[in-house]
Amino acid sequence: MSRRSRSGLAVVALAALPLLVLGVFFVLPVAGMVGRGFFPAGAFDPVGVLEVLGRDRTRRVLWFTLWSSAAATAATVLLGVPVTFVLHRLRFPGRRLVRAFVVLPFVLPTVVVGVAFRTLLAPSGPLGALGLDGTPVAIIAAMVFFNLAVVVRTVGSLWEGLDRRREDAAAALGASPVQVLRTVTLPALLPAVVSAASVVFLFCAASFGVVLTLGGLRYATIETEIYLLTTQFLDLRAASALSVLQLVVVSGLLYVAQRTRYGRGEAVDRAAARSQGRAATWRDTPVLVLTGGVLALVAAPLATLVVRSLRVGGDWSLRSYRDLADAGVGPGATVQVPVTEALANSWRVAVDATALAVLLGVLVSLVVARRPGGRLERRGVALLDALFMLPLGVSAVTLGFGFLVTLDRPPLDLRSSALLVPVAQALVALPLVVRTLAPVLRSLDPRQGQAAASLGASPLRVLLTVELPALWRPLLAAAGFAFAVSLGEFGATAFLARPERPTLPVLIYSLVSRPGEHGFDTAIAASVLLALVTVSVMAVVERLRSPSMGA
Amino acid sequence: MRHATVHLRDPDGAGSRPAVDDVSLDLPAGQVLAVLGPSGSGKSTLLRAVAGLERLHAGTVRYDGQDLSAVPTHRRGFALMFQDGQLFPHLSVAGNVGYPLRLRRRPAAEVSGRVEELLALVGLPDFGARSTDGLSGGERQRVALARALAVDPRLLLLDEPLSALDRSLRERLAADLRDILVRARTTAVLVTHDQDEAFTVADRMALLRGGRLVQSGTVDEVWRAPADAEAARFLGYATVLDGAAARRLLGSREGGDRWQLALRRSALRVSRTGSVPGLVRSARATPGAVRLTVEVSGVGLVHAVADPGERVTEVGSEVRLQLDPSRTARLQAPRPPGARLGSNP
Chain V
0 MSRRSRSGLA
10 VVALAALPLL
20 VLGVFFVLPV
30 AGMVGRGFFP
40 AGAFDPVGVL
50 EVLGRDRTRR
60 VLWFTLWSSA
70 AATAATVLLG
80 VPVTFVLHRL
90 RFPGRRLVRA
100 FVVLPFVLPT
110 VVVGVAFRTL
120 LAPSGPLGAL
130 GLDGTPVAII
140 AAMVFFNLAV
150 VVRTVGSLWE
160 GLDRRREDAA
170 AALGASPVQV
180 LRTVTLPALL
190 PAVVSAASVV
200 FLFCAASFGV
210 VLTLGGLRYA
220 TIETEIYLLT
230 TQFLDLRAAS
240 ALSVLQLVVV
250 SGLLYVAQRT
260 RYGRGEAVDR
270 AAARSQGRAA
280 TWRDTPVLVL
290 TGGVLALVAA
300 PLATLVVRSL
310 RVGGDWSLRS
320 YRDLADAGVG
330 PGATVQVPVT
340 EALANSWRVA
350 VDATALAVLL
360 GVLVSLVVAR
370 RPGGRLERRG
380 VALLDALFML
390 PLGVSAVTLG
400 FGFLVTLDRP
410 PLDLRSSALL
420 VPVAQALVAL
430 PLVVRTLAPV
440 LRSLDPRQGQ
450 AAASLGASPL
460 RVLLTVELPA
470 LWRPLLAAAG
480 FAFAVSLGEF
490 GATAFLARPE
500 RPTLPVLIYS
510 LVSRPGEHGF
520 DTAIAASVLL
530 ALVTVSVMAV
540 VERLRSPSMG
550 A
Chain L
0 MRHATVHLRD
10 PDGAGSRPAV
20 DDVSLDLPAG
30 QVLAVLGPSG
40 SGKSTLLRAV
50 AGLERLHAGT
60 VRYDGQDLSA
70 VPTHRRGFAL
80 MFQDGQLFPH
90 LSVAGNVGYP
100 LRLRRRPAAE
110 VSGRVEELLA
120 LVGLPDFGAR
130 STDGLSGGER
140 QRVALARALA
150 VDPRLLLLDE
160 PLSALDRSLR
170 ERLAADLRDI
180 LVRARTTAVL
190 VTHDQDEAFT
200 VADRMALLRG
210 GRLVQSGTVD
220 EVWRAPADAE
230 AARFLGYATV
240 LDGAAARRLL
250 GSREGGDRWQ
260 LALRRSALRV
270 SRTGSVPGLV
280 RSARATPGAV
290 RLTVEVSGVG
300 LVHAVADPGE
310 RVTEVGSEVR
320 LQLDPSRTAR
330 LQAPRPPGAR
340 LGSNP
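Chains as they are written, first to last, in numbering that gives the first Met the number 0: chain V, 0 to 550; chain L, 0 to 344.
Keep in mind that the hints were calculated from the coordinates and are not lab data. C-beta atoms are modelled at their ideal positions from N, C-alpha and C, and glycine is treated no differently. Check before you lean on any hint, since a few could be wrong.
Said to hold, decoys possible - Derived CB-CB ranges, DEER-like: (1) V70/L / A69/V: 43 to 53 Å; (2) R472/V / R105/L: 51 to 61 Å; (3) P176/V / S68/L: 14 to 24 Å; (4) L296/V / E116/L: 51 to 61 Å.
Chain V with its partners taken away, still in its complex shape (with noise of 0.2 Å):
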């Protein structure tokens, strides 16, 4: 047997169990979903799909999740370009604090994010006087609070890496700071906020927790929309309808953004040593001032949410969090299960959850890291490298909403089986496990792979002894991401979750949805609670993250 193809056939066996679970698990119910919309009765039949997407409420929900996560990847870029100028070129005291603080928000689960800024606009609440409870702006604004991250990270980490000498020679050359700013700053960090502004855009035309809790019935994205109609309305052809359409939306949105990473983002020179920034001087006032804005505005729904929770009827009190053992809560509830419960839920979900993403991930990670021989090869492992980021691109509710219409019946009948959340949730960290991975195997030089071999090791001992101890930390990392994600998945859980087990963020939504203020008290302090354990995970994996890599 040749090399090449001896080789060929270990990418097959890596990949194997990893597709099998994605054929099993994604593309079966992603096919399912579809086959709904298209084959109603099993023959072919698009007028329903069409019937669908011509009626006014889709129409409406589409141009609103259009429009405000529009709105919201531009203010998001416009706020956070200047906050990554202070955080990433600037050096102050406090500056890793206040760099992990502006971060802080992408980890809270979006069920928190949403409880914090109800309280925050509640009319009872402390920005409760302008009025913006239940409007678009409370959705867009918790949009940006949530996506900050995104920009700061992603624009954050080439602004640092830039050469200061190509400024200093503009500036030489006779060019004002403005003037520096616009044609060679900008310039070189547009791939960077392409790239970011699109990945805002998807989360915010995916985004779920945040919607349903702000807006409401009154405000849909397709995403709550597709939600809606499989939970309130039964209207199981009109949800299909609409998962087609994100997923072309989403699709198209994603090849989009990948050709601005892929395209441009290698011809980026790196300098060889990173600038440690500049002091501050009194003609950045303007950027400081609004860094504060930025952060007091970070800071606000969370020192809220806080507050609120120690506050019960007016006053000081640890009632709400003495609740969070207690069952049914409030008056008429039919939530059965305390807190406690439901945190040890997810606590346990997240466990299966973690080990399945990563086990899957590393496999994944091996294969796509190759450096392929042939040009078959290479292509296979593209494809694959495509077809495992996928489910980015497919929204945890359409995920979700298809486990519910193909794994219901032999041999996959699944709906009792606790496996399924876990099965749901360690897809949706899949492509974060994988992009946490195969950059730092692509990166490990295989010229060590090759010396290693040369002084007499097996390939076998070359895994185990160059690449596991180069790999370990990152293999934490995404561990501790994948379990992070898990902690606070609602979209794909708030379909699956057995009303007598469900995870902490689907207890916190059934809560404020809920009317009663005693249900809102027990939510809030679930949520911080919640918000406690998902960023102490994040602390911990961020003590793990090796520097070198990205956001």
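Position chain L relative to chain V; hints supplied.
Frame of chain V, contents of chain L only:
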């Protein structure tokens, strides 16, 4: 006559050592000054201070009598060229060269005409439409030079402009650079650690070490009389002999130990009529000459050369050496007594 004057003094030596300390330089218009120093000598900091990119703790940068300390970089009318060119990757070659012209809102026709002229000057005609990605290292530096010259800077600052290139290209480009600077009548400061580059390109030379100015003058002055043994070695002298050993080589009786003699590698030549006897310790044939190390009693090991035809180049053979005074330099500022500097082959 316009003068560019730099005077830097860094008084806040409390704790941190200043990168540049008490350096005064003066450059007549139209001339090229090479600031020569090993890495870490503060030469780049000096250049950045002149460009206005580094804050002065004390001292002044004057041009034509005007104090520039409060003038921001972009209003100084200088241009700065870096070791790796720092071309803007999002602009074409012509876009890069025309950049400073467009900053000054020159009409498009004038810009394109001037760009063509500049590209011809640096030997890259018809390169305008190319992207900067595909350029070789030498081409990048030529484009960077054309860009720096575009608006006739009052002072051109060159930060190791040729160091990133390989040797043969560096030598060729150094000669071209000299030629272009002379033709454009540019006043320039060149910072480098390569003495050949400095000799080829500059009229004047300043030697920097540990942030302090060791010596300055015309290239010839500095070359003929290095300030001390370290300066001599840095300028390419292979060996520095102290008084007694030097007297032996010269066969003279000049008094005192307070001077030294710096020898180039080729200062001693094997010759039948030579006055200095020695024993060959090693020999290596190179194109053009055989390089020897020879032990001379009372002096130690010294470098010498022999014509490729000479048959005396085996290790152990006895030779006679002839000193070529034009390949030596006499150092007048010796170290304090006690710090003996021996031979250094």
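Do the hints match the structure? See the list:
no. : hint                        : result
1   : V70/L / A69/V: 43 to 53 Å   : holds, 44 Å
2   : R472/V / R105/L: 51 to 61 Å : holds, 54 Å
3   : P176/V / S68/L: 14 to 24 Å  : holds, 18 Å
4   : L296/V / E116/L: 51 to 61 Å : holds, 53 Å
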